[in-house]
Amino acid sequence: MGSAPSKPPRRIRTARSFVSTSSVDSLNSLETEIDDEEIRVRDITFDDVTTNSFQVTWSPPTNMQGKEVTYQLRIFPPEKIKSKTMIKGHVSTSYTFTKLKGGTSYTVDVVPQVDDGQLGCTTNAHVATRPHPPRDLKFGKVESNLFEIQWSHAKGRRSSYACRLSPPDDVTSDTDVTGLRKTSHLFKGLVPGTKYTVSVTTVTNGVHSEAATISMITAPRHVCDFTFHDVTHHEMSIKWKKPEGFVESYSLELSETENRTKNPVVINKLTRTHNTFNGLTAGRLYECKVTCHAHDISSRPQLFTECTVPLEVAGIVPCDVKADEVQITWAPSPGDVDDYDLYLSPREGVEGNSQPRGVKGNRYQFTGLVPGTTYTVGIVTNAKNKSSKRAIASFVTEPGMCGDIEYTMKTCTSQHIQWPPAAGRIDSYTLRVRREDKQDDGRNIEDLYKPYYVIDDLKPGSLYCIQVVALRDSRESSTVSGTFSTKPSDVPSLFFPRDVSTWESITCSWEPSLGGVENYRLTAKCKGSPEKQAIVSADSADYTFTKLRPSTSYNFCISAISNQLESEATTNSFTTGPNCVENLRAESSTKREIDVRWSAPDAGADEYKVTIECLEESENKTPFSEVVTSTSHVFGRLVPGSLYKVEVTPRARNVGGKPTTIEAYTKPGAVLNVNIPIDDVTQQSFNVMWWGVEGHCNDVTITLSKLKTEDDTEIAVPAIIQEYQVKACGEKSTEQKFENLDPGTLYGVRLHASGKAGIGDDAIVTQSTLAPPIKIDRFVVEPVVDDPLLKNNETTEEPEKETKDKTPELPEVPVIETPPEPVIETPPAEPVVETPTPEPVVEIPPVEPVVETPEEPITEPLPEPVAPPEPIIETPPEPVIEPVIEPPEIIIEPPADEPVVEAPVEPVIEKTTEPIIEPEAPVEPAPVEPVTEQPVSEPVIQPVEPEEAENTPSSPTLNEKVVPTITHTPPTPTTPPAHLDLSPPSSTPSPIRPVAIFGSFNNELKGVESEKKEEAESKPLSFLATITS
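First residue of the sequence shown? That's 417 in this note's numbering, and the numbers climb one at a time after it.
Hints may be right or wrong, so weigh each one.
Quick list of the computed label-pair ranges, beta carbon to beta carbon [unchecked claim]:
| # | residue 1 | residue 2 | range |
| --- | --- | --- | --- |
| 1 | GLY1052 | ASP1127 | 48 to 54 Å |
| 2 | HIS569 | THR613 | 20 to 26 Å |
| 3 | ARG937 | THR899 | 19 to 25 Å |
| 4 | HIS569 | THR461 | 31 to 37 Å |
| 5 | THR588 | PRO476 | 57 to 63 Å |
| 6 | GLU927 | ASN999 | 41 to 47 Å |
| 7 | GLY1052 | PRO946 | 46 to 52 Å |
| 8 | THR789 | LYS826 | 34 to 40 Å |
| 9 | PRO762 | ARG937 | 53 to 59 Å |
| 10 | ARG937 | SER1046 | 39 to 45 Å |
| 11 | GLU1079 | ASP1127 | 52 to 58 Å |
| 12 | ALA730 | GLN883 | 35 to 41 Å |
| 13 | VAL682 | LEU562 | 29 to 35 Å |
| 14 | ASP585 | LYS657 | 24 to 30 Å |
The list that follows gives simulated cross-link-like pairs (lysine to aspartate or glutamate, EDC-like), each with its CA atoms no further than 20 Å apart [unchecked claim]:
| # | residue 1 | residue 2 |
| --- | --- | --- |
| 15 | LYS941 | GLU984 |
| 16 | LYS611 | ASP586 |
| 17 | LYS826 | GLU982 |
| 18 | LYS611 | ASP590 |
| 19 | LYS483 | ASP532 |
| 20 | LYS1122 | GLU1155 |
| 21 | LYS598 | GLU626 |
| 22 | LYS657 | ASP641 |
| 23 | LYS657 | ASP646 |
| 24 | LYS604 | GLU660 |
| 25 | LYS1074 | GLU1042 |
| 26 | LYS1025 | ASP915 |
| 27 | LYS1074 | ASP1022 |
| 28 | LYS805 | ASP646 |
| 29 | LYS826 | GLU852 |
| 30 | LYS598 | GLU564 |
| 31 | LYS1172 | ASP1115 |
| 32 | LYS875 | ASP906 |
| 33 | LYS1061 | GLU1029 |
| 34 | LYS557 | ASP712 |
| 35 | LYS875 | GLU934 |
| 36 | LYS604 | ASP590 |
| 37 | LYS517 | ASP463 |
| 38 | LYS1025 | GLU1063 |
| 39 | LYS1025 | ASP1011 |
| 40 | LYS1074 | GLU1023 |
In case anyone wonders, no lab produced these hints; they're calculated from the structure.
The beta carbon of each residue, even a glycine, is placed where N, CA and C say it ideally should be.
Please construct the entire structure, taking both the sequences and the accompanying hints into account.
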């Protein structure tokens, strides 16, 4: 409640800040003094104070003399007030402020105002709103003599809390508690079974909020001194004492602990303190729950458990009675049973447990008994903490038996056995033996008085079953059984088959072991390598060890295995084959042979197996093998131009080594049956025909070279002017036509086969094109009798005839009759230019002509020629060389006594009817005829053109008999020289020679030496090409 303020000074006061500005200005202008009391309200009071509102009431000012008075009100602090904080022109003498904040102190100012606008003095009073009450009251811990009250903090401002408990009768603790700072309190010392009410208020600035109340009845106290008595198989009784406090009644609930689904026995509103339950199950555990009740409140239930007494077992049966053990079985006891306790007597001599406890199930086996003894066994049933009475039965053990059989001194056909003697008294032993793989009864060995025996006449490597029984008064003891195996017999022999082992593998063979065998164990050992081992099945008779070292001696062992027993090892040794040969190569090859060479392996070899196989599809692929002892071999009679695979396998001690293979080609064969049909020869063309190639090849290369010009000038180094490459056609005829040729010119054609194997031998043929007809107006012959040349011609005619007469004596050389014109003969001493066939053909451009004068002859020294038997005739200053008009290209070997100038480097042109041109003497050329010179320091022979020879006045008329005959004679087939080289010369320039010849593959120039004259004579001359090697 508020109180009136003290009396202010008698003075008119201006309005405060809550008055409007105009009123303040009017009040500030008032200076009027009032003699009587100032204008103010009196007796301000506060009513209906709540958490968010209160009503202020005051008395009006006195001595207003009928004037109308209004009031201005203001409340502060104005913060957090949701209603008006200043009220003007209020007429009544009370006002209610709302929407305030709970637990907050406020100041209210009241100012009266007269109707003429005069304001009175301000009167204020103080008031505080009530705080908010606590929230969410609840009970925490509750027992029969205590409980805990809990709540949540009140809204707004708060200082503390106050709690009050009623009724306070018989409560031993404080029931009125103030100044609580936390939101819970525990009341103790309460009376069980009593209803209590708790009031909780919030205190702020000494003001209490409205009380929040909650009620609770304390639970009655649980029973105590609970006991079970008179418990039997199906019944039990209970009793207890009344607890302190108030209790109206009791409730009982009896249930099975292991079967909660079964409905329990429930008894409610029981007022006595004892009860009896019957119809229970023997040996079962029961749970009894007792609860006290007061004012519909129940105490905490008290649980008590007890088990009924289990029933005794029935039907004890001793079964499987033996000498030292027995198995006891019994019928399960009705009701619930946890386990059984067994008792065996007498206990003396029993090796096992004679009083087992906690036996599960309905059987138990006693061991370690004394044979032939009477025993009594008792069984007690256990259920929880209760046990039944003991059930009793008796039995007698059988006679004792012997111990486990032991096996010693085992052989392939016998077994020694022994066993511990049977316990107690016995008469004898009986032994039964049977082989496991047979179904018969075996054999019995009776009347054994000692505990051991040797069984003989057994099969090696076999499994046997054995039984031993002890006899006492014709009654057998329990059987002692066992099995044993005889050792397998040794492997009779270990050997190594011939021609089976290699350089990295050895094949072992053996004779089967006698008797039963499951597996064989083989081992291979060598120095410096780990041992190799293999297990093979009994039906195997050989095994191959692989990945061995070449040329290494290995020791092998084999033993038979049967039933985990192993025989004695049989041993032998063997050495692997040698390693592969080294540096296998094809040293050389021809069209029919391949020469293979190799180096022996590191450890050497006794012999070598060489095998060759043709890899061409069109040939017979059957391999051909030979055994040699050297490190080389030549395979012959092969197909030219074919690919062969050669395999060399070393052998040592009759064991093959590691094979090594290489592939090689034979050289392509020659082009066969090359010929030029005469009918196809014209002035500008001719055809070359051949019939197949030896063996295999891909192409046939044909080149054409010019040997002589139309005017019979020989070309020193013939260049290839046409070249063709045609596909090989096997055995079919093939031809190639050469066109755009020069008339009357001698050409050389070379053919060779080529393929992957290289280039074959050359086939060479020469042919002259037809010369144009020559018109002869006049031919004058002026013989000079004294001319030595004519005499020489006369003297040389006879040797020519002799030569012609001797020519037919050569085998297979066709003789063509010709008039006695001079013949240009290529002597055997001409050098042979040998160039490898695979080199490309390059034409050598013509060299610059060099004009030589008689004063500057070429006089470089040459090797000393062999002096002929006849003197050398010097060439006259202006000799006349017979013009060549398409003479037949026939080479006739001179007789043996014909003088020949042998020039190792420079060829000599020999004419039968002419003087011999000496190479050493300088040749005096015509005034305008140039001499071709090569950049080598050799004498150069300058050919004389036929026209020049014919126009020379001093020329002898040696052609008068020749011209009419040769003019209209068609060209005839000629025999080519033995060697004709149409390829370009080597890098070193050679002197110009009238005829160049083909050589071998040595890329050298070789002259046909005189000592090979006989070889040239022995070769048949024919129109076909001569093969060069």
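Here's how the hints hold up against the structure:
1. One distance hint, 48 to 54 Å for the beta-carbon pair GLY1052 and ASP1127, holds here, with the actual separation near 50 Å.
2. HIS569 and THR613 have their C-beta atoms about 22 Å apart, which keeps the hinted 20 to 26 Å range intact.
3. For the pair ARG937 and THR899, the supplied restraint of 19 to 25 Å holds, since their beta-carbon distance comes to about 22 Å.
4. In this structure, HIS569 and THR461 meet the distance hint of 31 to 37 Å, their C-beta atoms being roughly 32 Å apart.
5. Between THR588 and PRO476 the CB atoms are about 58 Å apart, so this pair conforms to the stated range of 57 to 63 Å.
6. About 44 Å separates the C-beta atoms of GLU927 and ASN999, a value consistent with the hinted range of 41 to 47 Å.
7. About 48 Å separates the C-beta atoms of GLY1052 and PRO946, a value consistent with the hinted range of 46 to 52 Å.
8. A hinted range of 34 to 40 Å holds for the C-beta pair THR789 and LYS826, which are about 38 Å apart.
9. For the pair PRO762 and ARG937, the supplied restraint of 53 to 59 Å holds, since their beta-carbon distance comes to about 57 Å.
10. Taken as a hint, the range 39 to 45 Å holds for the pair ARG937 and SER1046, whose Cβ atoms sit roughly 44 Å apart.
11. For GLU1079 and ASP1127, the Cβ-Cβ distance of about 53 Å falls inside the hinted range of 52 to 58 Å, so the restraint holds.
12. A hinted range of 35 to 41 Å for the beta carbons of ALA730 and GLN883 is consistent with their spacing of about 38 Å.
13. Between VAL682 and LEU562 the C-beta distance comes to about 30 Å, which sits within the given range of 29 to 35 Å.
14. Separation of ASP585 from LYS657 is about 25 Å and conforms to the stated range, judged on CB atoms against 24 to 30 Å.
15. As the CA atoms of LYS941 and GLU984 are separated by approximately 17 Å, the hinted pair is consistent with the 20 Å bound.
16. Taking the CA atoms of LYS611 and ASP586, the gap is near 12 Å; set against the 20 Å cutoff, the hint holds.
17. Among the hinted pairs, LYS826 with GLU982 is consistent with the structure: their alpha-carbon atoms are about 12 Å apart, no more than 20 Å.
18. For the given pair, LYS611 sits about 17 Å from ASP590 by alpha-carbon distance, which is consistent with the 20 Å threshold.
19. Note on LYS483 and ASP532: the hinted pairing holds, with a Cα-Cα distance of about 9 Å set against a maximum of 20 Å.
20. As the CA atoms of LYS1122 and GLU1155 are separated by approximately 13 Å, the hinted pair is consistent with the 20 Å bound.
21. Pair hint LYS598 plus GLU626 holds up; C-alpha atoms about 18 Å apart against a cutoff of 20 Å.
22. Straight-line distance between C-alpha atoms of LYS657 and ASP641 comes to about 6 Å, which keeps the hinted pair within the 20 Å bound.
23. With a C-alpha separation of about 18 Å, the suggested pairing of LYS657 with ASP646 holds against the 20 Å cut-off.
24. Note on LYS604 and GLU660: the hinted pairing holds, with a Cα-Cα distance of about 16 Å set against a maximum of 20 Å.
25. A distance of roughly 16 Å separates the Cα atoms of LYS1074 and GLU1042; the hinted pair therefore holds under the 20 Å criterion.
26. For the suggested pair LYS1025 and ASP915, the alpha carbons sit about 12 Å apart, so the restraint of at most 20 Å is met.
27. For the proposed pair LYS1074 and ASP1022, the alpha carbon gap of about 14 Å is at most 20 Å, so the pair holds.
28. Between LYS805 and ASP646 the CA atoms are separated by roughly 17 Å; this keeps the pair inside 20 Å, and the hint holds.
29. Taking the CA atoms of LYS826 and GLU852, the gap is about 18 Å. The hint holds against a cut of 20 Å.
30. For the suggested pair LYS598 and GLU564, the alpha carbons sit about 13 Å apart, so the restraint of at most 20 Å is met.
31. For the hint pairing LYS1172 with ASP1115, the CA-to-CA distance comes to about 10 Å; that is within 20 Å, so the pair holds.
32. For the suggested pair LYS875 and ASP906, the alpha carbons sit about 13 Å apart, so the restraint of at most 20 Å is met.
33. Annotation: proposed proximity of LYS1061 to GLU1029 holds, straight-line Cα distance about 5 Å (limit 20 Å).
34. For the hint linking LYS557 to ASP712, the alpha-carbon distance of about 19 Å falls within 20 Å, and the restraint holds.
35. Annotation: proposed proximity of LYS875 to GLU934 holds, straight-line Cα distance about 14 Å (limit 20 Å).
36. With a C-alpha separation of about 8 Å, the suggested pairing of LYS604 with ASP590 holds against the 20 Å cut-off.
37. A threshold of 20 Å between alpha carbons decides the hint, and for LYS517 with ASP463 the separation of about 17 Å falls inside it, so the pair holds.
38. Proximity of LYS1025 to GLU1063 is assessed by CA-CA distance (about 8 Å); at most 20 Å being required, the pair is judged to hold.
39. For the given pair, LYS1025 sits about 15 Å from ASP1011 by alpha-carbon distance, which is consistent with the 20 Å threshold.
40. For the hint linking LYS1074 to GLU1023, the alpha-carbon distance of about 13 Å falls within 20 Å, and the restraint holds.
Violation of the numbered hints given earlier is absent; every hint is satisfied by the structure.
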